[in-house]
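Engineer: Sequence:
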Amino acid sequence: MLHALPDLLDALEHRLVAGEDPAGLLASIRWSELVGWPEDLEGARALQRRVVSLQTLVQGLQAPLRATLMVLAGGTPYGRDGRQAGAAALAPQLSDRV
Numbered sequence: 297m298l299h300a301l302p303d304l305l306d307a308l309e310h311r312l313v314a315g316e317d318p319a320g321l322l323a324s325i326r327w328s329e330l331v332g333w334p335e336d337l338e339g340a341r342a343l344q345r346r347v348v349s350l351q352t353l354v355q356g357l358q359a360p361l362r363a364t365l366m367v368l369a370g371g372t373p374y375g376r377d378g379r380q381a382g383a384a385a386l387a388p389q390l391s392d393r394v
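First residue of the sequence shown? That's 297 in this note's numbering, and the numbers climb one at a time after it.
The hints are simulated quantities; they were obtained by calculation from the structure and are not laboratory data.
Beta carbons are placed, not taken as given, at the ideal position from N, Cα and C, and that holds for glycine.
Please note that the accuracy of each hint is not assured.
[Said to hold, decoys possible] Estimated spans, in silico, between C-beta atoms of each pair: (1) 346 x 319: 17 to 25 Å; (2) 307 x 334: 15 to 23 Å; (3) 310 x 339: 18 to 26 Å; (4) 370 x 304: 36 to 44 Å; (5) 364 x 302: 30 to 38 Å.
Please put together the full structure from these sequences, using the hints given.
Structural biologist: Set out below in structure tokens:
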């Protein structure tokens, strides 16, 4: 089955917005035969924006589920600023040792 990349992204977005499981769509794709890749820098940037938009959609759909699972597991729910309530800020620590 041959898919064009823009059509695939449209179908994926449609299924996510409709609340359908996209697993069947993704499983039916022959990734080696996927066509419609951008041929210039502007097309690549447009594709990148589209993929970021889909990632944001997926994260938004996962947020209520993650919060519910966290509460059911006894963890602290999210605070006002979107972080876990009472969670300390984690900063990467770099070692001077090589």
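Engineer: With reference to the structure, classify each hint as holding or not holding.
Structural biologist: Hint check results:
With their beta carbons about 20 Å apart, residue 346 and residue 319 fall inside the hinted range of 17 to 25 Å. The hinted range of 15 to 23 Å is satisfied by residue 307 and residue 334, whose Cβ atoms lie roughly 18 Å apart. For residue 310 and residue 339, the Cβ-Cβ distance of about 22 Å falls inside the hinted range of 18 to 26 Å, so the restraint holds. About 40 Å separates the C-beta atoms of residue 370 and residue 304, a value consistent with the hinted range of 36 to 44 Å.
A beta carbon spacing of about 34 Å between residue 364 and residue 302 agrees with the range 30 to 38 Å that was offered as a hint.
This entry satisfies every hint, going by the numbered hints stated previously.
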